[in-house]
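Chemist: Note that the protein sequences, when read in sequence, are chains A and U. All letters in the first sequence, in the order written, are residues 0 to 141 by numbering that gives the first Met the number 0. All letters in the second sequence, in the order written, are residues 0 to 185 by numbering that gives the first Met the number 0.
A hint or two may mislead.
As the list claims (entries may be wrong) - In silico lysine-lysine, DSS-like type, Cα no more than 30 Å apart, as pairs:
| id | chain 1 | residue 1 | chain 2 | residue 2 |
| --- | --- | --- | --- | --- |
| 1 | U | Lys61 | A | Lys37 |
| 2 | A | Lys4 | A | Lys128 |
| 3 | U | Lys33 | A | Lys17 |
| 4 | A | Lys97 | A | Lys37 |
| 5 | U | Lys86 | A | Lys17 |
| 6 | A | Lys85 | U | Lys33 |
| 7 | A | Lys63 | U | Lys132 |
Since the hints were derived computationally from the structure, they do not count as laboratory data.
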Amino acid sequence: MVKAKDLLDFLCNRLSVKFFSGVPCAGLKNLYVVMDSKIMHYVPAANEQIACGVVNGSQIAGNKSALILEPYVIDNMDFSFNIDNKLQLLIITSGCVKLKNSKNLTVLNLVDTIEKDLSKLLKQKDNAKVITIICIKEGVLI
Amino acid sequence: MKKNSVIRTLVEAMSEEDIGIFIGDCLCVESINKDRRNNIYIRSAYDYGISIGIGIAMNTDKRVFIFCEDSYFLRNVSESIQAAVSKCRNLYIIILVSGMYNNFDSCYTVFDSIISPRGMLYNMGFMVHNYSKQLRNVEDSSDEIKAIWSKIKGPLAITVDVENSEGMMSQELNNFCEERIKTFAV
């Protein structure tokens, strides 16, 4: 089990991700509850494409950002802008995605503890894979 | 009025610090002659150019000018709604209206069939300007527009009527656009 507050602290303080955009993801209800405008900024988007664009814009502006999406949407999304321009993108979702680890993609499953499952993110440098997806398994986030 | 002369006048009205985002292959080709350090070029294939501008505007105090065409605006109208409701005071969207699709002189867009396109933009939440007559009648109106922009805050939508043009991205230009995004710093 992972506390939503701990996950948010990890993202905002240890990864320095302070800008988020997305459309509501049912499995991450607990995360929305603990969101705090003092340490981060969340932009609700009209649709997934817009959320992706806003996050990419924020990344281009030099701020670490993350996208919050439903898992079934991710499977059908086009990340060619990020891949072509080598622009890193962090996606947070619940459940499972069909996408598998590949040349440009890392999928990290959060099933137990943040330290164990997401430690890879702390070691990532500029040469990391372009797209990183954090999948939070059902019932893990409390 | 020709698309490249409209772009030239408007780019000259921007200050050195302003960020320009040009969306669509044709606009990239037309605007590359007026390249500035703070310009970003986004190909038509990526369907979230305006959103990228919103993301940049939300993370900087610099003014962000997004140039797009009516065909792109119509295809991604929800992005404009997002831009208007974001209430970013440093966000300016310039819609170049040719009423046609690029490279297809006989294919009309439905922009001209909208009863009141500027009313629609106003209802979204934009302040709306139309520079068509100004740009057509005044020989060099960049100083005049610069003075207007210095006083007006966004989100501002500007419509300008332009002639249709053709423009295809070369591989070289595509590489240049990708490199610019990689090295861009606000």
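Chemist: Against this structure, judge whether each hint is valid.
Modeler: Hints and how they fare:
1. U:Lys61 to A:Lys37: This hinted pair holds, its Cα atoms lying about 23 Å apart.
2. A:Lys4 to A:Lys128: 27 Å, holds
3. U:Lys33 to A:Lys17: 34 Å, violated
4. A:Lys97 to A:Lys37: 35 Å, violated
5. U:Lys86 to A:Lys17: OK: U:Lys86 and A:Lys17 at ~20 Å, within 30 Å.
6. A:Lys85 to U:Lys33: Answer holds: A:Lys85 to U:Lys33 is near 25 Å, not above 30 Å.
7. A:Lys63 to U:Lys132: 42 Å, violated
Going down the numbered hints, you'll see the structure goes against 3, 4 and 7, while the others check out.
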